[in-house]
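Peer 1: Chain residues, written in single-letter form:
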Amino acid sequence: MSATAASNDVMIRFRGAGVTYPNGVVGLQDVSLDIRQGEFVVIVGSSGAGKSTFLRTINGLTPLSTGTVEVSGQPVPRRQGRDLRQLRARIGMVFQDFRLVRRVSVLNNVLIGRVARVAGWRSVLNLWPRADVELAFSALERVGIVDKAYTRAGELSGGQQQRVGIARALAQEPEVILADEPVASLDPVTCHQVMEDLLRINRELGITTLVNLHFLDLARRYGQRIIGLQQGRLVFDGAGRDVTDADFQRIYGRRPEEDDFLQEAST
Amino acid sequence: MNRPAPPPRRLGLWLTILIGLGAMTAWSGISIGFSVSELVCNAAGGSRLLRESWPPDFAFLPRLIGPFLETVQIALIGTVVGAVIAIPVAVLAARPVSPNWLTWILDRNFMNILRTLPDLFWAMLFATAVGFGPLAGALALSVFSVAVISKLFSESVEAIDLNLTEAVRASGGSWLQMIGLGTLPQVWPQYAAYVLYAFELNVRGSMVLGLVGAGGIGMILETQRANFEYERVTMIVLAVLVVVLLIEQFSIAVRRRLT
Amino acid sequence: MSAHPLPARRWRPGFASWTTLIVGGLLLWSLWAIEASPERLARLPAQLAQVLGFFWPVDWQYGHTRVLPAIVESIQLAWIGTIIGAALSLPLAILGASTLFPWAAKVIKGISATIRAVPEILWALYLVPIVGLGPFAGALALGINSVGMLSKLGAEVVESADLAAMEAVEAAGGSRLAAIRLGLLPQVLPELMAHWLFRFELNLRASAVLGVVGAGGVGGLLLNTLRYRQFEMAAAVLVLTVLVVLAIDMVSGSVRRKLLRG
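Residue numbers (my numbering), protein chains in the order written: chain U, 1 to 267; chain A, 1 to 259; chain Y, 1 to 262.
Since the hints were derived computationally from the structure, they do not count as laboratory data. Each residue gets a CB set at the ideal place from its N, CA and C atoms; glycine is no exception. It is possible that some hints are incorrect.
Said to hold, decoys possible - Derived lysine-lysine pairs resembling DSBU-like cross-links, with alpha carbons at most 30 angstroms apart:
| no. | chain 1 | residue 1 | chain 2 | residue 2 |
| --- | --- | --- | --- | --- |
| 1 | Y | Lys-152 | A | Lys-151 |
| 2 | Y | Lys-258 | U | Lys-148 |
| 3 | Y | Lys-258 | A | Lys-151 |
| 4 | A | Lys-151 | Y | Lys-109 |
To be verified - Anything over 10 angstroms on all C-beta distances counts as not near chain Y; from chain U, calculated:
| no. | residue |
| --- | --- |
| 5 | Arg-13 |
| 6 | Asn-23 |
| 7 | Pro-63 |
| 8 | Pro-129 |
| 9 | Glu-155 |
Between the sequences and the hints, there should be enough to build the whole structure, so can you do that?
Peer 2: Here it is, written out as structure tokens:
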């Protein structure tokens, strides 16, 4: 079931990983798999299947209860601290609700991606080095909204805000990008634009990308590799183009319904 | 796509504001004699004062019961009288239900001026009129309560659902009926909360009034302070603290049930 | 209350009349206790009219030479009190937010509740013998009270803020401190500053009272003129104080609205 690969190009390695929340809810159970460098992986599953938990263990936002996760050979530290921050600096994250600071400019939001690489006093005083500002600008150019650099983030549309979120992740110059339901709050057209952006960045820069998706058609269309989770367990792992409706039925534990597709209104 | 030009930094504006605030602070600090060194130098005097204030004179406690009762009585009268007068004052100052523009603007300014005059002034004014003592305090707190309650209450009245008032109006009701049937029933819970809040403030305020001779616990505080009986002062302060916190808790509990 | 015999919604039937009865009884008892007899109350309007008559004409000369400097002093001590309150309350507001620091929040909320329960005049009572008579004691008293109030209000602002942006900063490898500075502060600072300004307005009013215990400002002037029955002078104090306070309220109010909108 798990793709075995030569250990030197493995980016993320799960071994027996499990998460039990303090309230007793099991978020993830005995997951073992490898993700190679440069892969574009889509994680599917119904809500509550553990997709978010899976992603958040990779940058330590949710600590593992059992097992291990390694990012390029280095185990994810379980405790808060410098080691964890240095690991997180190499992993960009994109959120469903964008998580921008709405009152400040797009540029300042993207500069947050540089926080771990810049001296503390500089970020406190908002005096970012020229080179980092340059990086932020090129990240904005890559997602095509550099013209909004000085606009307040809260004034942008949802799709634009998500691009700022992607630019913020890019500004980290990350090895991995984790996107947690990045299109769930967007309309169908912008959905595809954001997915295309993520795919293009994965191809052009070779950044290993993991995307949580709810919609099956999007998963099939963009996922080079699809990982299916059900109640925290790994129930599917295969290539996107091979995945069948029967596989989806297995992942969801029921027949896929209309809600599970992002109607092909336009592409 | 071209990079946009950075917006004008308006550095001058920010610098002016910053320097202005800094200058204001420096000027104020110097004028009022703010000095850390003075604070440090006086630490000796301060520690002597603290030693003198401790332990509190518990034997003094029984003699506080009378004045405390008086404080609560003053606060109660002030709150009730103020609460009743505050209703028309607040309603007339609430734009959507105020009968006309002139009444609204006059009442509104009246409310603002009322709020601006210190409670101390009212205490002295009434003390001159009726003589020093608790009655002057109760009257001063009545005015103070009108100021507090009417301000808050008129904001609540302005936020009501106007459909109801218009329904009363449409079925041929008079202005008084519109207020009585369409407006006030919507805001009674808030009103009760504000009255309780005013009562809290009044218990605290009656302490200040006592200092100028308007009865209550403040009066006994002033005599002990003037005689440098700081052990007793501490006792009074502690007792005040307990009573104020108790009343606050009571009032929070009641307000929670109301809203 | 009994003038409006309306069954208000949410209230249990009979609750209103029950309350009215008790409050009415307590009121009568209190009135009796402080010897507020009907005869005394009946004489009140005439007495008031007489006293108010003393306030005319206003002694503008006094207003010019003595009142204005005292008002300036009141503004200064209110300002310093507010600066002390704002500076100390900023970290306390963040540490006092139960959404961020559940443990520290309990301690800080307890302390600030205690501070708030003591009227500023009592703080002044202790501070005057320590730092001496004068506006410095008043400023410190206002500062202490402002810290208590502003840390409570500030903590509520922080608690209602959206913490998601903070997680984004931490996910990018930022420390807790960086997350607070970059993800939280830009959200809450305008509202906190609005509270600071409002507190300045309140401090200005309170500073008019502190003079009573010799803590500087316009209050001492008001007290002395009234005490020695110099009503024309007191009138100058009152008119000028009200005008200045209203003017400052207007300016401060418009700045606050701007802060909250922006």
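Peer 1: Could you run down the list of hints and mark each one as holding or not?
Peer 2: For each hint, the structure was consulted:
no.: 1; hint: Y/Lys-152 with A/Lys-151; result: holds, 22 angstroms
no.: 2; hint: Y/Lys-258 with U/Lys-148; result: holds, 24 angstroms
no.: 3; hint: Y/Lys-258 with A/Lys-151; result: holds, 22 angstroms
no.: 4; hint: A/Lys-151 with Y/Lys-109; result: holds, 27 angstroms
no.: 5; hint: Arg-13; result: holds, 20 angstroms
no.: 6; hint: Asn-23; result: holds, 16 angstroms
no.: 7; hint: Pro-63; result: holds, 13 angstroms
no.: 8; hint: Pro-129; result: holds, 15 angstroms
no.: 9; hint: Glu-155; result: holds, 12 angstroms
Hint compliance for this structure: every hint is met.
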